[in-house]
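Participant: Take a look at the letters that make up each chain.
There are 4 protein chains.
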Amino acid sequence: METLGLALMGTGRMAQVYGPKINAHPGLRLEVIYNPRIASAEKAAAQYGGRAMDDLASVLADRGVDAVVIATPTDTHLDYIEAAAQAGKPIYCEKPIDQSLDRVDRALAALDRHAVPFMVGFNRRFDPDNAAFREAVGSGEIGRLTMLMSWSREPSPPPIDYVRASGGYFVDATIHDIDLLCWIAGERPVEVYAAGSCMFDPRIGAEGDFDLTMTTLKMPSGALVHVNNSRACAYGFDQRLEAAGDAGMIQTVNHREDNLVRWDSRRTAAREPLKHFFLERYDLSFDHALDEFYAAVTEGRAPSATADDGRAALAIALACAKSAKSGHAEVPDYRRSHESS
Amino acid sequence: METLGLALMGTGRMAQVYGPKINAHPGLRLEVIYNPRIASAEKAAAQYGGRAMDDLASVLADRGVDAVVIATPTDTHLDYIEAAAQAGKPIYCEKPIDQSLDRVDRALAALDRHAVPFMVGFNRRFDPDNAAFREAVGSGEIGRLTMLMSWSREPSPPPIDYVRASGGYFVDATIHDIDLLCWIAGERPVEVYAAGSCMFDPRIGAEGDFDLTMTTLKMPSGALVHVNNSRACAYGFDQRLEAAGDAGMIQTVNHREDNLVRWDSRRTAAREPLKHFFLERYDLSFDHALDEFYAAVTEGRAPSATADDGRAALAIALACAKSAKSGHAEVPDYRRSHESS
Amino acid sequence: METLGLALMGTGRMAQVYGPKINAHPGLRLEVIYNPRIASAEKAAAQYGGRAMDDLASVLADRGVDAVVIATPTDTHLDYIEAAAQAGKPIYCEKPIDQSLDRVDRALAALDRHAVPFMVGFNRRFDPDNAAFREAVGSGEIGRLTMLMSWSREPSPPPIDYVRASGGYFVDATIHDIDLLCWIAGERPVEVYAAGSCMFDPRIGAEGDFDLTMTTLKMPSGALVHVNNSRACAYGFDQRLEAAGDAGMIQTVNHREDNLVRWDSRRTAAREPLKHFFLERYDLSFDHALDEFYAAVTEGRAPSATADDGRAALAIALACAKSAKSGHAEVPDYRRSHESS
Amino acid sequence: METLGLALMGTGRMAQVYGPKINAHPGLRLEVIYNPRIASAEKAAAQYGGRAMDDLASVLADRGVDAVVIATPTDTHLDYIEAAAQAGKPIYCEKPIDQSLDRVDRALAALDRHAVPFMVGFNRRFDPDNAAFREAVGSGEIGRLTMLMSWSREPSPPPIDYVRASGGYFVDATIHDIDLLCWIAGERPVEVYAAGSCMFDPRIGAEGDFDLTMTTLKMPSGALVHVNNSRACAYGFDQRLEAAGDAGMIQTVNHREDNLVRWDSRRTAAREPLKHFFLERYDLSFDHALDEFYAAVTEGRAPSATADDGRAALAIALACAKSAKSGHAEVPDYRRSHESS
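Residue numbers (full-length UniProt numbering), protein chains in the order written: chain A, 1 to 341; chain B, 1 to 341; chain C, 1 to 341; chain D, 1 to 341.
These are computed hints drawn from the structure, not numbers from a lab. Here a beta-carbon is modelled for each residue, glycine too, at the ideal position from N, C-alpha and C. It is possible that some hints are incorrect.
[Claimed, not checked] From the derived model, a few chain C residues whose C-beta atoms are all more than 10 angstroms from chain D:
#1 Arg134
#2 Met149
#3 Pro159
[What the hints assert, rightly or not] Below, computed lysine-lysine pairings styled on DSSO-like, alpha-carbon distance capped at 27 angstroms:
#4 Lys322(A) with Lys325(B)
#5 Lys21(B) with Lys21(C)
#6 Lys275(C) with Lys21(C)
#7 Lys43(D) with Lys21(D)
#8 Lys21(B) with Lys43(B)
#9 Lys325(C) with Lys325(D)
#10 Lys322(D) with Lys322(C)
#11 Lys325(D) with Lys21(D)
#12 Lys275(A) with Lys275(D)
#13 Lys21(B) with Lys275(B)
#14 Lys275(B) with Lys275(C)
#15 Lys325(D) with Lys322(C)
#16 Lys322(B) with Lys325(A)
#17 Lys275(B) with Lys322(A)
#18 Lys21(A) with Lys43(A)
#19 Lys325(A) with Lys325(B)
#20 Lys21(C) with Lys43(C)
#21 Lys21(A) with Lys325(D)
#22 Lys21(A) with Lys322(A)
#23 Lys322(D) with Lys325(C)
Full structure from sequences and hints, please.
Facilitator: Below, the structure is given as structure tokens:
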């Protein structure tokens with residue numbers, strides 16, 4: 001089996017997810033861990049292996065580096081994309097590409113100039129349940145798709161510093177549902193409407209952000225899409241999909257911590273709480289996302305979650321954020337900006 | 001047990017629901033069946049009992065008539081409400097009171113002038129599951145309410161003549177969900193947004209109506225509410241509620257035609273299709289609505305689903321209909337009009 | 001609708017179930033309540049109506065009495081059966097007919113001499129779920145029947161006086177499962193094996209009885225049948241059936257107190273406890289058993305649960321009781337005794 | 001991490017399960033594949049790696065061989081156990097140790113003489129669901145254990161040659177349930193009763209064997225245990241456990257091929273068929289069994305499923321087989337025979 005040497009850019013929360021998974025992947029080799037602060041890179045390298053490096057040019061020139069995985073803070077993604085594209089390295093970039101459409105367009109322009117395989121880390125597409133759900137919908141099992149719904153309720157609000165840097169709830173979290181639902185439906189909304197509240201952590205509201213949202217997407221086919229998101233959920237990380245069509249309905253089942261059913265004098269047929277959060281629930285989806293990146297690069301084809309998909313999801317998320325402020329339906333901006341081309 | 005003599009106004013679809021149920025109720029007596037066309041009244045009287053009458057004044061003057069149940073075409077409700085209120089008769093009126101807020105305000109004005117017990121036929125409040133659901137939410141079992149969702153998907157589109165006279169999907173059907181959800185939440189929305197499509201019967205779209213909608217209600221507390229409605233559903237009459245709060249979640253279970261679970265080589269743990277439609281699913285709720293009317297009248301108190309509730313639900317439904325056309329969020333008109341007071 | 005005037009024999013626990021149900025039945029009339037102690041009869045008559053009587057001959061000679069419902073202590077059933085049969089009155093007799101096969105054979109002999117419609121109160125056959133289950137099995141939906149299982153776990157042990165008079169757990173309770181399973185399978189066991197313990201109430205063990213049993217029935221077709229019974233169950237009255245065949249499996253679903261599903265930080269997808277006991281769970285089955293008795297008598301045909309069914313179920317239950325003592329498999333005694341013919 | 005070099009004895013069906021799993025285990029090394037026919041050993045070695053060998057003495061003398069995994073035909077287990085024990089090698093032996101209690105006693109005698117770690121391959125103990133189930137029962141969550149039930153229904157009958165060599169259905173298959181249930185209950189039956197039929201493949205009956213059985217175990221505590229086994233099951237490999245106690249009940253959930261729930265006009269809330277058979281369902285349990293063997297050997301302690309457990313399970317299975325023929329309850333023979341000690 002051909003192996004790809006990877007440079008893991010970043011040492012933060014998401015890099016800690018990817019590091020061990022790259023190591024465990026039969027086709028991938030964790031060659032380099034990069035952080036401009038060498039101490040951080042060295043610490044991470046001590047944990048997952050790989051050589052610690054702090055110089056970008058050296059990383060990209062390194063003979064062992066066949067591709068890069070960008071897991072740095074979002075506002076630095078663009079710089080690494082431009083540099084890696086120019087160096088001809090295939091890129092796996094954690095979502096979102098950027099919080100600004102203009103800067104995403106600059107990334108797209110760089111990828112136009114230097115055509116390298118590029119994949120955005122919408123890992124939920126690669127979850128086996130979500131993939132089987134899409135396949136069932138696509139197979140016509142429920143007939144013509146009419147309604148699509150997604151629940152994504154997180155166990156508890158993140159630290160307020162995380163919220164401040166997140167780009168807002170829609171860009172940080174709803175973007176996952178948006179990409180997944182457009183991928184399942186095979187189309188992108190012509191109009192969106194979103195409503196937001198702050199009911200769990202008042203500091204989130206003080207930042208002008210929401211911790212509770214409901215979103216409606218109107219699809220060109222007429223299909224209607226609903227997303228609900230919550231920064232808190234008492235019973236775990238609630239992840240559900242439901243699709244209705246003129247011949248039936250299909251749903252995904254939440255994952256639980258065990259497979260036991262409990263009966264006592266207070267509650268019957270009860271199950272355990274749901275898996276805690278995304279690391280537990282989507283553990284496999286990160287592995288399968290790396291599989292896809294590996295397969296696309298070694299087969300010389302475009303990976304499944306493209307830069308264009310990343311741009312569209314951001315455009316929709318930003319329209320949602322605008323709608324939740326304006327109180328009006330908004331039209332996503334799907335046209336790439338001039339200055340970037 | 002005191003019995004109330006009822007005049008059933010109308011002989012159409014809903015009158016056919018109420019007739020036998022009035023007959024079977026231990027406290028009610030089907031005294032009169034009224035239709036301005038005496039042949040229709042006589043035919044109905046032959047079916048459920050009661051005396052056929054075609055003269056409104058005589059009905060209201062009849063010594064056996066203690067109260068009226070209005071189940072005539074919607075655009076005639078106002079006339080009967082005004083006449084019955086003037087005659088001092090308690091009124092049970094099928095929903096909606098009228099399709100026009102102005103005309104509802106005229107009914108409210110009549111009820112102001114002649115204070116008779118008045119109940120609007122929002123029967124779903126009286127369904128045991130829905131009532132238990134509201135009680136659980138109200139008991140604080142799930143903590144502070146944050147999200148509330150309702151599914152109401154009908155088995156197949158109604159005849160196009162029904163659609164034409166219905167006042168549109170929101171006023172005809174969503175109004176049930178709206179009343180139920182406001183009653184559960186204990187508050188009414190400050191803003192609504194609705195999206196509609198026509199994907200099942202193009203004749204419905206040709207009338208400017210929808211057969212598929214998604215609605216968002218923003219509540220004063222910050223709670224967000226979602227409703228989805230569909231004029232077609234392959235697996236029966238899908239009726240679900242879900243409420244989330246900061247301490248948990250609660251859902252209602254759909255009713256099925258039997259209590260068997262089936263396993264074979266294609267599908268496992270499978271259940272029968274859902275009950276066909278509202279007559280099957282909400283059979284008990286009509287009985288319990290009549291119980292409430294009987295109890296309120298005999299106890300001299302106001303029934304649970306008031307004229308004001310009926311007006312509010314209509315105002316919200318009309319705002320939804322407007323939103324689905326305008327593509328914008330709309331504010332329901334909760335202020336009664338001047339000319340009616 | 002033709003109505004049947006009934007004499008309700010007895011005023012105890014089961015009579016209290018039948019009294020109100022006879023009253024509510026459109027085709028039945030509670031004509032007489034009989035107890036040799038007139039005070040008890042009068043008290044019951046004051047509760048459910050009917051004329052109190054204490055003289056058996058007068059009851060059976062009464063012109064208003066078309067049929068009798070025997071709900072007296074088990075050891076008196078035989079006397080009433082013989083008298084009612086001789087008087088030519090159709091008989092509904094609570095189960096078991098008697099605790100002794102010899103005495104049942106005397107009842108059968110009386111019914112041979114005086115051919116009146118006779119039904120034994122195996123009400124569980126008339127439960128809609130159990131009836132639908134049997135129909136599904138009989139329809140061939142699961143192919144050829146191979147395994148049949150029944151769970152019947154009661155909420156808490158009965159008073160020890162009840163246990164003493166009950167004839168033992170197999171004759172008192174398992175007999176219900178036995179009749180139901182033979183009726184579903186369409187055959188009766190050639191051999192039975194039962195095991196019993198006393199783990200809930202030591203007074204039951206001190207009486208030589210069990211409060212926990214498992215029973216195996218071997219059917220002539222080769223199908224194997226399992227029953228488990230328990231005098232205590234923490235989560236309500238557990239009533240389940242499962243049938244497997246070469247094409248699939250079918251199960252019944254327990255009934256619960258509400259239709260809500262609850263999620264919180266400890267338990268997810270949880271349901272309410274089961275219905276408390278047989279009065280709550282099998283409420284409808286008593287009504288439907290009376291329907292069958294009414295229909296059979298007015299149509300001049302034999303009711304569904306015959307005297308022969310009652311004898312067979314007792315023979316099997318007695319073989320189980322013997323097996324649980326002997327530790328060996330036993331063969332039910334299906335041959336009627338000589339002295340009774 | 002210390003690694004153990006293993007000699008895999010055998011190249012048949014079970015060896016094909018263990019070969020790849022040994023290879024994938026971080027602490028195990030597939031050093032040797034043994035078969036007295038060298039061609040078979042070479043073919044297997046080409047598939048999973050390891051050196052092919054056909055001489056037992058050389059295998060046991062090999063410096064790379066730290067322990068042996070015996071996956072040969074059952075009637076050869078004893079020879080390999082005696083040889084490996086004499087050579088001081090830790091032994092993992094596929095179940096059953098032997099089909100004869102006398103021969104098992106000879107194996108136990110060999111292990112008495114040469115105290116090597118010995119584990120019998122009751123892999124179901126190591127399934128995460130079964131282990132969590134046992135832990136829940138042991139934690140007292142359901143109170144004092146009163147009833148324990150196991151379902152094990154295989155998808156389709158094995159080849160008749162397999163049946164002929166299997167030792168009969170109880171020794172081949174029920175032995176798994178027996179070991180699991182005794183391990184969960186923490187006690188062994190004082191008496192067993194089993195019933196068997198042949199309803200799926202008449203050739204199995206012609207061999208004097210069964211393809212459908214129900215078994216009852218009476219435990220010293222008074223707890224009652226039920227097992228049902230079937231050589232055919234239309235909806236997959238049905239594997240369930242249920243335990244009831246005086247405080248509640250607990251069940252395991254079957255595994256399915258996907259996590260989707262399907263609704264259409266014929267069936268609602270339907271799930272996929274179950275996993276096909278033991279390789280799919282118990283894939284993880286083999287890995288965890290090897291984990292236990294590795295941990296026990298490297299930690300110098302006795303593995304969880306001991307030779308004594310293996311003997312007891314066989315004694316119980318043989319008593320079941322005897323009972324199913326005799327039609328009587330039988331007492332398992334737990335006393336080791338004289339000639340073997």
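Participant: Now, for every hint given, state plainly whether the structure supports it.
Facilitator: Results of checking the hints against the structure:
| no. | hint | verdict |
| --- | --- | --- |
| 1 | Arg134 | 20 angstroms, holds |
| 2 | Met149 | 8 angstroms, violated |
| 3 | Pro159 | 19 angstroms, holds |
| 4 | Lys322(A) with Lys325(B) | 20 angstroms, holds |
| 5 | Lys21(B) with Lys21(C) | 20 angstroms, holds |
| 6 | Lys275(C) with Lys21(C) | 19 angstroms, holds |
| 7 | Lys43(D) with Lys21(D) | 17 angstroms, holds |
| 8 | Lys21(B) with Lys43(B) | 17 angstroms, holds |
| 9 | Lys325(C) with Lys325(D) | 21 angstroms, holds |
| 10 | Lys322(D) with Lys322(C) | 21 angstroms, holds |
| 11 | Lys325(D) with Lys21(D) | 39 angstroms, violated |
| 12 | Lys275(A) with Lys275(D) | 22 angstroms, holds |
| 13 | Lys21(B) with Lys275(B) | 19 angstroms, holds |
| 14 | Lys275(B) with Lys275(C) | 22 angstroms, holds |
| 15 | Lys325(D) with Lys322(C) | 20 angstroms, holds |
| 16 | Lys322(B) with Lys325(A) | 20 angstroms, holds |
| 17 | Lys275(B) with Lys322(A) | 42 angstroms, violated |
| 18 | Lys21(A) with Lys43(A) | 17 angstroms, holds |
| 19 | Lys325(A) with Lys325(B) | 21 angstroms, holds |
| 20 | Lys21(C) with Lys43(C) | 17 angstroms, holds |
| 21 | Lys21(A) with Lys325(D) | 56 angstroms, violated |
| 22 | Lys21(A) with Lys322(A) | 36 angstroms, violated |
| 23 | Lys322(D) with Lys325(C) | 20 angstroms, holds |
Of the numbered hints given earlier, the model fails hints 2, 11, 17, 21, 22; all others are met.
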